[in-house]
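These protein sequences, in sequence, are chains A and B. The first sequence begins at 638 in my numbering and counts up by one. The second sequence begins at 638 in my numbering and counts up by one.
Derived by calculation from the structure, the hints in this document are not laboratory data. Nothing here was measured: the structure is a model prediction, and the numbers come from that model. Be aware that one or more of the hints could be misleading.
Same chains, same label: a pair holds when it works inside one copy or across any pair of copies.
Taking lysine-lysine pairs in the DSSO-like style, the calculated list, with each CA pair at most 30 Å apart, reads [said to hold, decoys possible]: (1) Lys-684 / Lys-869; (2) Lys-708 / Lys-833; (3) Lys-669 / Lys-869; (4) Lys-948 / Lys-855; (5) Lys-961 / Lys-708.
There are 2 protein chains.
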Amino acid sequence: MQTIELHTQSRPSTVLCGAGALDAAGEYLAGKDAFVVTDSNVYRLYKERIAEVFPAARVCVVPAGERHKNKNTLFRILDEMLDARLRRNSFVAALGGGVIGDMAGLAAALYMRGTRLIQIPTTLLAQVDSSVGGKTAVDYRGVKNVLGAFYQPERVFCDPLFFRTLPPREIRCGLGEVIKTAVLDPATGDLLEAGKDRLRDLGFLHELACSCIRFKAKVVEADERETTGLRKCLNLGHTTGHALELLCGRRSHGEYVLIGMWLESFIAEEEGVCTPAYAAHVRSLVALAEPRIPAFPNAEEGLRFALLDKKNTESGQVSLVLPKARGEYAELSLPAERYRGYLCRLQGGNA
Amino acid sequence: MQTIELHTQSRPSTVLCGAGALDAAGEYLAGKDAFVVTDSNVYRLYKERIAEVFPAARVCVVPAGERHKNKNTLFRILDEMLDARLRRNSFVAALGGGVIGDMAGLAAALYMRGTRLIQIPTTLLAQVDSSVGGKTAVDYRGVKNVLGAFYQPERVFCDPLFFRTLPPREIRCGLGEVIKTAVLDPATGDLLEAGKDRLRDLGFLHELACSCIRFKAKVVEADERETTGLRKCLNLGHTTGHALELLCGRRSHGEYVLIGMWLESFIAEEEGVCTPAYAAHVRSLVALAEPRIPAFPNAEEGLRFALLDKKNTESGQVSLVLPKARGEYAELSLPAERYRGYLCRLQGGNA
Chain A
638 MQTIELHTQS
648 RPSTVLCGAG
658 ALDAAGEYLA
668 GKDAFVVTDS
678 NVYRLYKERI
688 AEVFPAARVC
698 VVPAGERHKN
708 KNTLFRILDE
718 MLDARLRRNS
728 FVAALGGGVI
738 GDMAGLAAAL
748 YMRGTRLIQI
758 PTTLLAQVDS
768 SVGGKTAVDY
778 RGVKNVLGAF
788 YQPERVFCDP
798 LFFRTLPPRE
808 IRCGLGEVIK
818 TAVLDPATGD
828 LLEAGKDRLR
838 DLGFLHELAC
848 SCIRFKAKVV
858 EADERETTGL
868 RKCLNLGHTT
878 GHALELLCGR
888 RSHGEYVLIG
898 MWLESFIAEE
908 EGVCTPAYAA
918 HVRSLVALAE
928 PRIPAFPNAE
938 EGLRFALLDK
948 KNTESGQVSL
958 VLPKARGEYA
968 ELSLPAERYR
978 GYLCRLQGGN
988 A
Chain B
638 MQTIELHTQS
648 RPSTVLCGAG
658 ALDAAGEYLA
668 GKDAFVVTDS
678 NVYRLYKERI
688 AEVFPAARVC
698 VVPAGERHKN
708 KNTLFRILDE
718 MLDARLRRNS
728 FVAALGGGVI
738 GDMAGLAAAL
748 YMRGTRLIQI
758 PTTLLAQVDS
768 SVGGKTAVDY
778 RGVKNVLGAF
788 YQPERVFCDP
798 LFFRTLPPRE
808 IRCGLGEVIK
818 TAVLDPATGD
828 LLEAGKDRLR
838 DLGFLHELAC
848 SCIRFKAKVV
858 EADERETTGL
868 RKCLNLGHTT
878 GHALELLCGR
888 RSHGEYVLIG
898 MWLESFIAEE
908 EGVCTPAYAA
918 HVRSLVALAE
928 PRIPAFPNAE
938 EGLRFALLDK
948 KNTESGQVSL
958 VLPKARGEYA
968 ELSLPAERYR
978 GYLCRLQGGN
988 A
């Protein structure tokens, strides 16, 4: 088991990574007042295991899927927390993918101004990305993650056991964030390149996940609330990714991030942020998980959603985090019209 | 103008106290993207002044009154923030009493995981209590402040100008928290005793407010999130006060705090926490603002609400913060039945 410590301004957080992490979570909550939030998919697969590991916990099961990451589901969780008469020192355990982590995390942040929180991410994506760092949120009125809080879990338990039941598409989705990290972090990049033929090996995916978490922990420690700018690097590919996700919504977050990175590598190249060779290298990494970039015909709507992005600080401008060189990134604000021009490149995909 | 600095873990906060503070708020937001949240009462009285001080700001006016401190009003504010396309670096200015401060503060905390926030409290209660320290919340399903966040305003502007339009009942309400502070803080206690005949003098009320804010700032600095226990002292009288507020809801928060302190002084005395003389002294301070304690016949319901209190950490126990001696307080957990017995004392008021 690997232990990664995060020392943030608000509170310390410890990530435990490895086989046995789920049992460690059970031990951590033994004898405590605990409330497990999970979704219908995870519950179907792990109902007995949950009962075994958290014998005394109340379990709140919400419908699975990104489209349920909204105000209604948030208040359903809060209602069940109230019904269970949770107290401020009770534990909320978010057991599921990123949607569960974000919503249960926000419920834990709001309930009595904050109950104790642990994250038990069950997808590759949630392990490498959303469970670490304390970002919680729901989507609202068509804007992704527009209502939320920074709220650190006191423990994160990342168990590779859950990878066995992930559909291939979920793995591809997680690889989106892994590949993003590989572009930002040379250590993860080298690991990925060395093992690029082993991307179906669950043990190797776990190694990649640990490397991504170590990198993310360093970034979050340095800039918990995205105030100094450093944490923004994690948004590489995300401006376009989020916009397309809002526009279409049929693929997964990680896949949209991959598509976003693909498009933004061209922007980086044409805006002179990186060399053509480096942009091609980024696209070759994207292709490891997403060899075929689909077509997005509606640039106008894509732009509309990109303009709603939280990262934009000036109106009429779209903020991007672009690849620059090995382990380097750059921020760039583009006028809306110019960005729309780049979006048109997606009209034909890479077919 | 007095300046009181708060250095908390999450972010620094500065309180400006004195005539001219409202204009200073206007200067602070000049040229910024600003969104003012206020209520229908404040807007009726200060509409022109608001337009003058914040000429470029959007103004969101919500219905006045404690019963509107709920999820619906919170989402109405968030909807208007979205409609106004506020960004993460936009400013939310909460201009009103404690209800507005709590709701606009929570909206600012949630929107894009946190926009910039300033508080401009317009009541004595909000100036001495809720605007300083970063507690934000709404009531939900009959439980006071059960959904909220700790979110520090970057500036608080306390202008005594607003006292001129406060009804006497609002002043009495603010005196509830002033008297609570006087019990906890010898400096405020001495100031209050020396001027107890000048409680209708608005200048003296402003002096008292500054003294209370200085005390609260020290407490919040030492324990921003109520984790070390110190900040709990501010809940003196509040367990009973909140329970009665939920039970009846016709008086104001400060009046319920006074009634709570009155009852809890007897509990402190009978549980051996303070001497009978000190308990009588606390009641004499309460009597400065609330000479007649009304009758609350329904102890059973009062207990039910007290058991919902966030401060309770064990089920079946009611947590109280009781006066102990000059500048000292003590925490006590009472079994529910025992606390119910004390509540019965309120059946006849102090008539």
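Checked hints:
no.: 1; hint: Lys-684 / Lys-869; verdict: neither (37 Å within a copy, 40 Å between copies)
no.: 2; hint: Lys-708 / Lys-833; verdict: neither (40 Å within a copy, 49 Å between copies)
no.: 3; hint: Lys-669 / Lys-869; verdict: between (36 Å within a copy, 23 Å between copies)
no.: 4; hint: Lys-948 / Lys-855; verdict: within (21 Å within a copy, 35 Å between copies)
no.: 5; hint: Lys-961 / Lys-708; verdict: neither (38 Å within a copy, 44 Å between copies)
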